[in-house]
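Engineer: Chains as they are written, first to last, in this note's numbering: chain A, 1 to 95; chain B, 101 to 195; chain C, 201 to 295; chain D, 301 to 395; chain E, 401 to 495; chain F, 501 to 595; chain G, 601 to 695.
The set of hints was computed from the structure by calculation and includes no laboratory data. Glycine included, each C-beta is placed from N, C-alpha and C at the ideal position. Treat the hints with care, since some could be wrong.
Partial list, computed: chain B residues near chain C (C-beta under 10 Å) [to be verified]: (1) L111; (2) E139; (3) D150; (4) G162.
Listed below are the simulated PhoX-like cross-link pairs for lysine-lysine, each with C-alpha atoms no more than 25 Å apart in a straight line [what the hints assert, rightly or not]: (5) K264/C x K169/B; (6) K169/B x K186/B; (7) K476/E x K486/E; (8) K476/E x K576/F; (9) K176/B x K269/C; (10) K60/A x K664/G; (11) K186/B x K276/C; (12) K69/A x K669/G; (13) K286/C x K269/C; (14) K76/A x K176/B; (15) K376/D x K360/D; (16) K286/C x K260/C.
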Amino acid sequence: MAFTPLHDRVLVRRLEGEEKTAGGLIIPDSAKEKPSEGEIVAVGAGARDDDGDRIAMDVKAGDKILFGKWSGTEIKLDGEDLLIMKESDILGIIA
Amino acid sequence: MAFTPLHDRVLVRRLEGEEKTAGGLIIPDSAKEKPSEGEIVAVGAGARDDDGDRIAMDVKAGDKILFGKWSGTEIKLDGEDLLIMKESDILGIIA
Amino acid sequence: MAFTPLHDRVLVRRLEGEEKTAGGLIIPDSAKEKPSEGEIVAVGAGARDDDGDRIAMDVKAGDKILFGKWSGTEIKLDGEDLLIMKESDILGIIA
Amino acid sequence: MAFTPLHDRVLVRRLEGEEKTAGGLIIPDSAKEKPSEGEIVAVGAGARDDDGDRIAMDVKAGDKILFGKWSGTEIKLDGEDLLIMKESDILGIIA
Amino acid sequence: MAFTPLHDRVLVRRLEGEEKTAGGLIIPDSAKEKPSEGEIVAVGAGARDDDGDRIAMDVKAGDKILFGKWSGTEIKLDGEDLLIMKESDILGIIA
Amino acid sequence: MAFTPLHDRVLVRRLEGEEKTAGGLIIPDSAKEKPSEGEIVAVGAGARDDDGDRIAMDVKAGDKILFGKWSGTEIKLDGEDLLIMKESDILGIIA
Amino acid sequence: MAFTPLHDRVLVRRLEGEEKTAGGLIIPDSAKEKPSEGEIVAVGAGARDDDGDRIAMDVKAGDKILFGKWSGTEIKLDGEDLLIMKESDILGIIA
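Pulled out of the complex, with its shape left as it was, chain A reads as follows (with noise of 0.2 Å):
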């Protein structure tokens, strides 16, 4: 079962065991809201400009990403956990 997002959003799978990983990204332990790991599954096909044109998406299917812990509409898609969210949502790119 395929699931393209709409306008600007992202369908993101999230990685959950990366934040233990040594030697790479770990998830301080503060008061703060914390970002997460993630994966790109999916993405729309961009907003729209002023003049009602597109923009292009800055992230593509597969690209690993930082994200903030609370973003995101939580969905199971073939029994698997899901995240919806706009591309704004995203912090940056891990590489």
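Given chain A, put chains B, C, D, E, F and G in place with the hints provided.
Structural biologist: Just chains B, C, D, E, F and G, lined up with the frame of chain A:
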């Protein structure tokens, strides 16, 4: 009786039964707002950009969509319960 | 006595009797805000876009519409109760 | 003493007596905000669009209008009570 | 000591005595915010539109204006009490 | 140590002593927010308009300005107390 | 592990030690929000203007900046505490 949504609104038939379909989309049992599945029945002509030109709709009648559970206004049309919502309330298209 | 709504406003006659019409639109008995049915009596010349140009109205006098129950300002014109609302308060057109 | 409203403002003379005119506009006795009838005394040169160009006013001196009862700022000019309001506070023109 | 207001600001001298002038503008004694009369002392070069171009000011030094009683910031310049406000705080020009 | 404000920000040296200068600008003793006098130390390259073009700054280093007493963020640069504020926080230029 | 901030975001290394450097920038001990010093580690490709075009970033990797103490989201990258913030959170560049 036909109903044509105005501007960037869409008319949606909620697909309640799909919540229990195996191997498909299952709404998780959590405290977060849960998205619902639906089918587009009719679409408006589109909103207008800053120059007053129409912005084409990204969904069409027949599309199966995911939307926020509390999105839209309930109406009963020819005895059927339907929803009117804005295109921006749609999370994405299921194919 | 004629009344011409300003900008993107419309003058609407509420169609109360339609709420009970069989086979047509019936407002559901729920706690949610219920849309009402009405008929467009007069329309404004339209709002203006960012360049100051008129945006054509999507409804015209005679259109049967659905609108949010609490939309608009009540006025009495030649003894008749009417409503003035913005075009954006209209959910769609019934045909 | 002449008063020229600035930008998209208008100077309005409230027509109190009209509230009781038979066969004309009668303000309903309800708890909702009631519109008032008035006459345009003077209009500003118009607001400016995003390019800084003037947007022509849709009302002119002499127009009989309907406006929200609590709209505008009261002033006394040459002993007469008048109101200064924005064109967007005007609901429509009575002819 | 000269003072040049920035952007769309104006420097205003409050005309207190005018409140009691017979046959002219008299501020009504009500609980509503009362406009005050003033004279433009200096004007800024104007705000900028969305393209960064200047928007010409609609008032000039010497204009007698009406403004909301609580508008502006009080300053003392060469011993005189003056007000700095935005052009949009001005209700209109008295001639 | 040089500091270059970003975008439409300016670096300001507060001129406390000027408050007591005879024949010049004196801050009135009232309960209202009082403007302060200052001198521009450095200016940013300017904000960008809707097309992404720079908007030229209206103040330059050396200008004596008036600004809202509570405007800006305090910093200490090379032992001197300075303020960083946005150009829009400046009320006008004293000459 | 490389991290590329999205849009107009930047990755910043907080320079804690600089707060005590003699002859340089010292954060004052007051109740007001205090700016912090940092170094740009990586910058995004830039936000987009109303036409969907990129707006070039005004900071680059290596720039020493001043930013509001509570700006940004804390992340740990390869064991190092870093901050992700928007370019608009940066007060200016220290040179």
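Engineer: For each hint given before, does the structure comply? Return the numbers of the non-compliant ones in rising order.
Structural biologist: Violated hints (numbers, rising): 2, 4, 5, 8, 10, 11 and 14; every other hint is consistent with the structure.
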